[in-house]
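Protein sequences, first through last, are from chains A, B, C, D and E. This note's numbering applies: residue 109 is where the first sequence begins, and numbers increase by one. This note's numbering applies: residue 109 is where the second sequence begins, and numbers increase by one. This note's numbering applies: residue 109 is where the third sequence begins, and numbers increase by one. This note's numbering applies: residue 109 is where the fourth sequence begins, and numbers increase by one. This note's numbering applies: residue 109 is where the fifth sequence begins, and numbers increase by one.
Just to be clear, a hint being listed does not mean it is correct.
The list treats identical chains as interchangeable, and a pair is accepted whether it falls inside one copy or across any two copies.
To be verified - The list that follows gives simulated cross-link-like pairs (lysine to any residue, SDA-like), each with its CA atoms no further than 25 Å apart: (1) Lys399 x Ile419; (2) Lys300 x Arg317; (3) Lys127 x Glu238; (4) Lys305 x Asn217; (5) Lys120 x Asp132.
Hints were generated in silico from the structure; no laboratory data involved. Keep in mind that this is a model prediction, so the values were computed, not measured.
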Amino acid sequence: MLVNCVAYQDGKKLADITKEQISDYVERKDCFVWVALYEPGPEELREMQVEFGLHELAVEDASHGHQRPKIEEYGDSLFAVLHTVEQEKTPSGDDELLTGEVAVFVGRNYVLSVRQHTQMGFAAVRGRAEREPELLQHGSGFVFYALMDNVVDRYFPILDGLETELEAIEEQIFVRNTARSNIESLYALKQKLMVLKHAVDPLMEATGRLYGGRVPQICAGMGEYFRDVYDHLHRIHLAIEGIRDMLTTAIQVNLGMISLGESEVTKKLAAWAAIIAVPTMVAGIYGMNFKHMPELDWTYGYAFAVAVMVIIDVWLYFNFKKVKWL
Amino acid sequence: MLVNCVAYQDGKKLADITKEQISDYVERKDCFVWVALYEPGPEELREMQVEFGLHELAVEDASHGHQRPKIEEYGDSLFAVLHTVEQEKTPSGDDELLTGEVAVFVGRNYVLSVRQHTQMGFAAVRGRAEREPELLQHGSGFVFYALMDNVVDRYFPILDGLETELEAIEEQIFVRNTARSNIESLYALKQKLMVLKHAVDPLMEATGRLYGGRVPQICAGMGEYFRDVYDHLHRIHLAIEGIRDMLTTAIQVNLGMISLGESEVTKKLAAWAAIIAVPTMVAGIYGMNFKHMPELDWTYGYAFAVAVMVIIDVWLYFNFKKVKWL
Amino acid sequence: MLVNCVAYQDGKKLADITKEQISDYVERKDCFVWVALYEPGPEELREMQVEFGLHELAVEDASHGHQRPKIEEYGDSLFAVLHTVEQEKTPSGDDELLTGEVAVFVGRNYVLSVRQHTQMGFAAVRGRAEREPELLQHGSGFVFYALMDNVVDRYFPILDGLETELEAIEEQIFVRNTARSNIESLYALKQKLMVLKHAVDPLMEATGRLYGGRVPQICAGMGEYFRDVYDHLHRIHLAIEGIRDMLTTAIQVNLGMISLGESEVTKKLAAWAAIIAVPTMVAGIYGMNFKHMPELDWTYGYAFAVAVMVIIDVWLYFNFKKVKWL
Amino acid sequence: MLVNCVAYQDGKKLADITKEQISDYVERKDCFVWVALYEPGPEELREMQVEFGLHELAVEDASHGHQRPKIEEYGDSLFAVLHTVEQEKTPSGDDELLTGEVAVFVGRNYVLSVRQHTQMGFAAVRGRAEREPELLQHGSGFVFYALMDNVVDRYFPILDGLETELEAIEEQIFVRNTARSNIESLYALKQKLMVLKHAVDPLMEATGRLYGGRVPQICAGMGEYFRDVYDHLHRIHLAIEGIRDMLTTAIQVNLGMISLGESEVTKKLAAWAAIIAVPTMVAGIYGMNFKHMPELDWTYGYAFAVAVMVIIDVWLYFNFKKVKWL
Amino acid sequence: MLVNCVAYQDGKKLADITKEQISDYVERKDCFVWVALYEPGPEELREMQVEFGLHELAVEDASHGHQRPKIEEYGDSLFAVLHTVEQEKTPSGDDELLTGEVAVFVGRNYVLSVRQHTQMGFAAVRGRAEREPELLQHGSGFVFYALMDNVVDRYFPILDGLETELEAIEEQIFVRNTARSNIESLYALKQKLMVLKHAVDPLMEATGRLYGGRVPQICAGMGEYFRDVYDHLHRIHLAIEGIRDMLTTAIQVNLGMISLGESEVTKKLAAWAAIIAVPTMVAGIYGMNFKHMPELDWTYGYAFAVAVMVIIDVWLYFNFKKVKWL
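The following block holds chain A by itself, in its conformation from the complex:
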């Protein structure tokens, strides 16, 4: 689906144009065309391939989807795949991270973005770019930066969400009887973390080649901007690694808490078993049928036996309390 198709010159919008007009504008010097597609059919992509002269392999990647994030040079043009990450409620009420894809083709005088499996549009990016003509003058390279910046900025709330989740688990982790829910939360968090990691890490690596030494022609003179994107990605990367490290520790700590929990149950079991078993033993002894058992004939024999039981049990109880078994 064609979302937008606009021609720009000198940082200003020239006109909304039709698909057929693209090739006219692309030929003009200092003019570039910015096209946005949403889940296009093979037909539509084929048309764009012809209009912009896109490389076979890049178009194939854009139409198949399920690429890893990457930035590739095809001659003078760039082909980038970015992952969007969105949080959604599953029917069962849990949060889930969904991955969408944005393929971007950038040439000297065109930008073509192809969105798939994501609701996130780039209207805001277009709006901001049009309000800053002095930046938009940089041409298609700036639009490429603006798109990347936008996608990357949207990772931050996701990351914040994961950090909040980790903190929530950390608060629960030493609370008794929460081990089962903790372990489930830790695993779920790890799953989400991996989704974000798979979106961020390859992109970070690729972005690192857009500034510094030899950079693609299109990105020339915008090094500080792409370094800024890299920097954001690197920050997210470090945060992810930090969470991953804490998660591993948290899982092990949780294992320890489970064992401790069982240990405490065993102690309680042992203590109460003793408290019940001792009177049972005493009662058993006075339940023997020997002819000659002097205590049985005492007037206060029964009271004495019960007293023995109670005294031993009280003594046991306080001893177990003292050693924290109860």
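Fit chains B, C, D and E to the given chain A structure using the hints.
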């Protein structure tokens, strides 16, 4: 076994030729020969070595098998070893991954593929190549790409299978009493993952040297195609690492679930032990043979004793319910 | 909030100046201005941006905060983000590490430091710099070094604190019944360690580019000083990794101690169960109501039965003692 | 002990010579001497040092032994240390890996091998070399290759042995009641793996510098041969890492099986405890000495009580069977 | 404390000189001064700084101590920090590794060593150097090598000690009831290992820059010697990593043994519980007070009951023996 032996010129098939004719065609300029062998004997390989002037060490590798995937330069020619990975049912009904090998010798005007321990043929590759003469014109380098692309594409369904398996285990992992089957599945998945990893990782590394800076002459001008193969391999590599990471976590989580399971059994054991032990103790007390035990003479002594037992047990039962031990 | 604004020449303080005068002094050759801000509003930062001609993206980073530590070149000037780490008591009496941020803009003839979320001022740095005119003569590069040195030096007491904490835990780890508090301490230590690690590691990496090969103009001729800062950071980095490694081991060892603890409880439980169960069994036997039980009629039958019980129990007790179950 | 001392020219054996003659032959152009020592005394090594002009430090390394595998250049000559690995039965019937050492000094016209702590000789290498004069013509560099190739080829059966051992353990790992022997086998396998790893990894690294870019003069023109050795070492390296990875998983899985095993014992214990405790409780109740217990006077009271016990127990038994506790 | 102060020329000792004479000798061509200090006061260091013209930052490092091992260039001179590692008995009889520091300043014509927190002197190094004038002729660079070599050689007995300790633990690890002492030994070994690792790893890295490509002027022409030191450090490094790896495995295996141990206790507990509980149940049944219990009146009723108990118990005992629960 000789599967195929065809001469090509200008992207078009010239003729099916015999082994003896190979040397004639190889000498012609702009003409190349594409030979496919299936589990050849030492004799057959020896013949090919002579026809194409293959290097001693490369032929040795191809005939011994059990190589790691690799791409080596011998002067102007290339020698590649690729692993095929196929899923098979074992007699006991489990899936198993089988590794086969394809050795490929590529020179300026020949391609020789040697398949071993695998049913996967390359008829489809030959068919596709012959239908695309404009690509086949690139010569032996393109055939090499097409063979690699085909082998690598066949890793994807295997990878999908492993991802599906992981998801299936993840759904089971927090279900009670599945720990034993989970742990077996996790280990089996890990084994399969390692098979795929051993096929993919060394090949990825080797493919990375077929584009970009200095590349072998045969691959010149096809950088974007080999980068595409690299990209696919890298994607599989990342997915494998992701599964591996989740597997490690899943195994630890499963350990936690086992401990939790035992903890719950211990709690149940403790609770029921208490519920049975208390009446036994009370009964023991009234089973003592003291002369003077007033309760024994009460008309409702028996009922009273039983009532005491029942009341304590009911109280215990609900308390244990409340703290989730039952 | 403007903390300080001073102009220097030839290593000596010229004058405290107002914000408006900055541009005058910055234009003078061999003169530089050193400005310190504390949690400035967007207004204040905007002014500074104009006075010093700071880059848009750097100013944005300084005002947003929550950057990772980094050192970036913008043309001839540098932009650095440093993390301060301070120990604070939480209301619940635990120690906590708080992260603050210092953004530093350094140009040929200005230094602008922007402190956020931290009480740590740089009065001491200014004082020391003013007392060493021969060093201050190096200009803004030296001030930059002095600021970094000061921030990094303040990591050492934090690190010492963490090492002391680890030692305290190590002394407790093999003591019985401390597993729960140990595991909590280990996790808390890990959390603090990660805070320090996130401050140190990225900064170390960045500092490594300030000496040796190609260095930013501003740092030229001060290589040994920046190498010294790098060296300190590297030392902290190694110490952190060492603690991290020991922590992992300590957590596993603690898990072992928990299991051992439970094992010992189980042994005790088993031993006492036997000691109580045997007399109960004997008593049960002599509590049977058979007509013909010769022992029941013996004069010393009761004494005999009790003796049997006691002898078996004493024997059991010493045996359990011998095998360390008691 | 001098094993062999032979002079070669143009790929053909000239003569067996004495130690004293070495210097004569070494001076001749196109002639080289190949000496093999077995556990030489310091005297013998000293002689060789003089004959061949070996470097002090290299001779020291060869006589001390216990070096890590390495390949070092001393001017135009090479000094290599290789580890041999042999499997031996210990008196207690277990397999053990023993490490021996081969130090090789290679100059333009000599090869000196010094074997220590190993029975493996190089007679086969010498035989093969003498049968292939066209290769032996390459001179001392080829002999060096042949020695390395021989040592490396002998790692493969060791590796196969370790893989077979892992498979044997994997078959046992999910079998009940094998945890103790599994854990011992896993540890023993890990120990052997480390022995092989210490032989292979440093050598692989060193061999990687014998082909490709700048190579020592002696190895010039033989790049494909040394790459082949590297390739074998890399294959073993990958296999070792694979086994190491599976071992780690296997140890964790085994831990899980131990916990599962205990869990099952606990369940059985709990089930049988219930089955025995219930009749005991019932019996206890009817063993009370209340005057008024109507059941005691029933004609079938006893039968009734026993029936109650049996019915409850049968019910319990089948329930425990159903939930797999028995 | 000044330990030694000697001037050398052409590999021979000229004279013991006083501190004041140093500057005279340092000015002479081909002459160098070798000074050894032991825990000097700030005064003494200040003097040396003046005599030799040492860099401020290096002197600061030498006087503060607690540096990581490193080798730094200051112009033409080198500054090195080495860690000595000594084994000491603690009052409680355990071994402990103590770290000392040696700072070495090396210039074209001086060597200054500053020892701290260590008893290890360098008299032996001086003696050896003076006995080998042909090596001492190399000047200060050779002394530097000799000092490093000496420090590094002293790591080997420490390493051997750790390897012996690991072997001792490995022999204990599968012995029953040693888990607690094993776990303590493993942790103590890990602690010592980290001490050695912190001494070795950074030094290895630094030494790697003293041979091969661009080396400091002072070390020129001595590449093989410094490579030898590097080689020793690398060997120790690999051994440490090997021990670390085995330690991790050993700790996990020990965890497994603890669980197995508990499992065995639980089995024993279960078995004996059954053996005691069954007679108790039987006795309970014949202790019931039913009027009509035919067995009670049998002449051999009692013998029969006891026989039933014994038979069941014998049967249980052998069954438990068979399944290895006893």
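Hint check:
Proximity of Lys399 to Ile419 under the C-alpha cut-off of 25 Å is restricted to the inter-copy arrangement: shortest distance 22 Å between copies versus 27 Å within a copy. Taking the closest pair of Cα atoms, Lys300 and Arg317 never come within 25 Å of each other, the shortest separation being 27 Å inside a single copy and 34 Å across copies. Only within a single protomer do Lys127 and Glu238 lie at most 25 Å apart by alpha-carbon distance; the minimum there is 21 Å, versus 35 Å between protomers. Within a single copy, Lys305 and Asn217 get their C-alpha atoms no closer than 32 Å, and across copies no closer than 42 Å, so neither meets the 25 Å cut-off.
Taking the shortest alpha-carbon separations for Lys120 and Asp132, only the intra-copy value of 18 Å comes in at or below 25 Å, while the best inter-copy value is 37 Å.
Violation of the numbered hints given earlier is confined to hints 2 and 4; the remaining hints are satisfied by the structure.
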